[in-house]
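Asks: Here is how the chains run, residue by residue.
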Amino acid sequence: MTKDTPAPILIDNLVLAYGQHRVLDGLSLQVPAGSITALLGGNGAGKSTTLAALLGFVRAQSGTVLVAGVDPGMDPDAARRRIAYLPENVALYEHLTAAENADYLLALSEERKERRIITDAFAAAGLQERAWDQRLGGFSKGMRQKVAIAVALLREVPVLLLDEPTSGLDPRATVDFNALVAAVRDRGTAVLMVTHDLLSAADVADRIGFLEAGRIVEEVAASGPERFDVRALHARFAVAAERLAA
Amino acid sequence: MTLWKHELRLLLRGRLSTVALALLAVLSVAALAAGMAEVSRQRAAIAAIPAAQAEDIAAVADYVDRTKDAGSAAYYSFHPTWDAPSPLAFAALGMRDVSPYILRVRALGLEAQIYDGDTFNPELALPGRFDFAFVLVFLAPLFVIALFHDQVSGEREAGRLRTLTALPRGGSGLMRRRTLVRLALLWAVLAVPFTFAAIVSGVGIGAILLILAVIAAYLSFWIGLAALIGRLRWSSVANAATLAACWLVLVLIVPTLAHVAINRAVPVDQGAEIALAQRERVNHAWDIPREETMRRFYANHPRWAASAPLGPEFHYKWYLAFHQNGDESVAGQVRAYRAGLERRDAAARALGWVLPSVGVQALLTRLAATDLTAQLAYQDRIRDFHRRLRDFYYAYLFNDRPFGKEDFARAPVFGR
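Sequence order for the protein chains is A and B.
With the first sequence counted from 1, adding 488 to any position gets you the numbering used here.
With the second sequence counted from 1, adding 1158 to any position gets you the numbering used here.
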């Protein structure tokens, strides 16, 4: 990857409104390949709408959105071919096994993998072998997320979008999940996660952006002179949340 | 594995969809078996006619041969008519269970003989016979509702819709595939047993293909309705309740109200009233001078006017003449009754253009020749046969020709 290579996630001066209400108001964001950016913000800050714009669910009034060079507003299918997306609550088909779910989701992604490759991905995602051929009915949220992240690994797409990925996970599962996301990043994937979970974001993200009223009001990096410390971040985040609530 | 196979596996793993499809398959097979059994019973009854008729005529012939009286032969001889079921009748029994398909007639007044049987069994007439048409028109929509009410809302409620729509082939294309898979399975559980039964019953390929298309079109109507309701983004429960209400309105309430409205708009006397009127005319004829009866009869049937005048003793030609006069005296009522039935039928068929349940029912009974048109056509054949029967006996009666045992063999036979 060179400096000239465009970032797989590129948002520039994006304006998106529902009726009179501007949800995104000049949002600009770049997530380079092989990096994790966390977007933090309170309810209504525009986090989920940012993901929706990247997935082509909503169309912007102005500005630029590009997913690996594709405008999701113009060609949502092409954009979605380049995105793996994990919603807040990973809901899969309970009457299919983990392997069958993966097989099905891959088919919907126009991909096909041999069982061995799927089970390798399960193993890489930390899903125990005895769960591979079990129906998802009895799976915990953490186990479901492992199935979903395994599918994301299998798809080998340039962009991974995570929507509140660690909400509801216990600390151990959060650590495991973050390790998996870091592994995806290390394969060169651009990861954008929107979250309320500052600790998790600080643990795994390379950059954290604070989203407020539809734009990033502050952005900090995990390394270099602007390296963040969690206490300071927490204080800023709390102030931002109070401002938004006000 | 193709996406189609994935969708099929996904659907068949669901308990509700599996049970629904299995139940509809069982109902289809049961309805077809019941229809075929009923048609088989009717065919057996028709097949038994010649032997029973030979036995009956043999008994009458022994008696008549002693007197050589054509009048006695005409009076005592019943002649069977029948309306053989079409190969497709098993699928839509229509009026065959409430109207006679075998009628034994004598050369006496015909209208009373036809309309004596024109009293429907309300238990059978109201819900209709359990046949394939019933399963398709009344029950299949419920299975469409079961399989389609939560096609999108179920994914939304399970939290999967966003995941699915975020996939390249998970959006509207996915829902189209699922719709086609469900439609194909519903269609198959109706169409496969029907096709098998139709081939066994000797139904022509054209009729089979037409009905297969009708099944697909009717299911598509209900699937389209489910899709429209689904676009309102209500919950699965609300979708199911709304669709069930639509079913109630479109399949039961509107057709019933339309039936009442048509019957009010086109008032028609009961057929039994024609039978009663004809009988009263015939009974009254005993009180009318015989010459007056014969004068009226000869005026309408001059070909027999050269017959010898009546003597003081009873003569069957007078008896048969006042029976025929009785028929002719209610001819206007018969025409009005028939025209009324045809107007009602036409109105019901017109309703079928806007109400699919009525339209499919009407089309199936038309193709199966079990509708009113077929019933009236059978009456026409009976009238035609009865005319030949009268001519046969009148040739003996009005020419005072003796009628022997061997003459029974010359009597017209229905359908020849």
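Please keep in mind that the hints were generated in silico from the structure rather than gathered at the bench.
All values derive from a computational prediction rather than experimental measurement.
Among these hints, one or two may not hold up.
[What the hints assert, rightly or not] Computed footprint of chain A on chain B, listed as stretches where at least three residues anywhere in the stretch have a Cβ under 8 Å from a Cβ of chain A:
id, stretch
1, 1165-1172
2, 1314-1327
[Stated by the list, open to error] Pulled from the structure, derived: some chain B residues nowhere near chain A, Cβ distances all over 12 Å:
id, residue
3, L1161
4, A1188
5, A1216
6, Y1233
7, V1256
8, G1331
9, L1332
10, G1364
11, F1379
12, T1414
13, P1514
Backbone N, C-alpha and C define an ideal beta-carbon position, used for all residues, glycine too.
Asks: Confirm or reject each hint.
Replies: Comparing the hints with the structure gives:
no. : hint      : verdict
1   : 1165-1172 : holds (count 4)
2   : 1314-1327 : holds (count 11)
3   : L1161     : violated (5 Å)
4   : A1188     : holds (29 Å)
5   : A1216     : holds (71 Å)
6   : Y1233     : holds (75 Å)
7   : V1256     : holds (46 Å)
8   : G1331     : violated (9 Å)
9   : L1332     : violated (7 Å)
10  : G1364     : holds (40 Å)
11  : F1379     : holds (29 Å)
12  : T1414     : holds (40 Å)
13  : P1514     : holds (33 Å)
When each numbered hint is compared with the structure, violations occur for hints 3, 8, 9.
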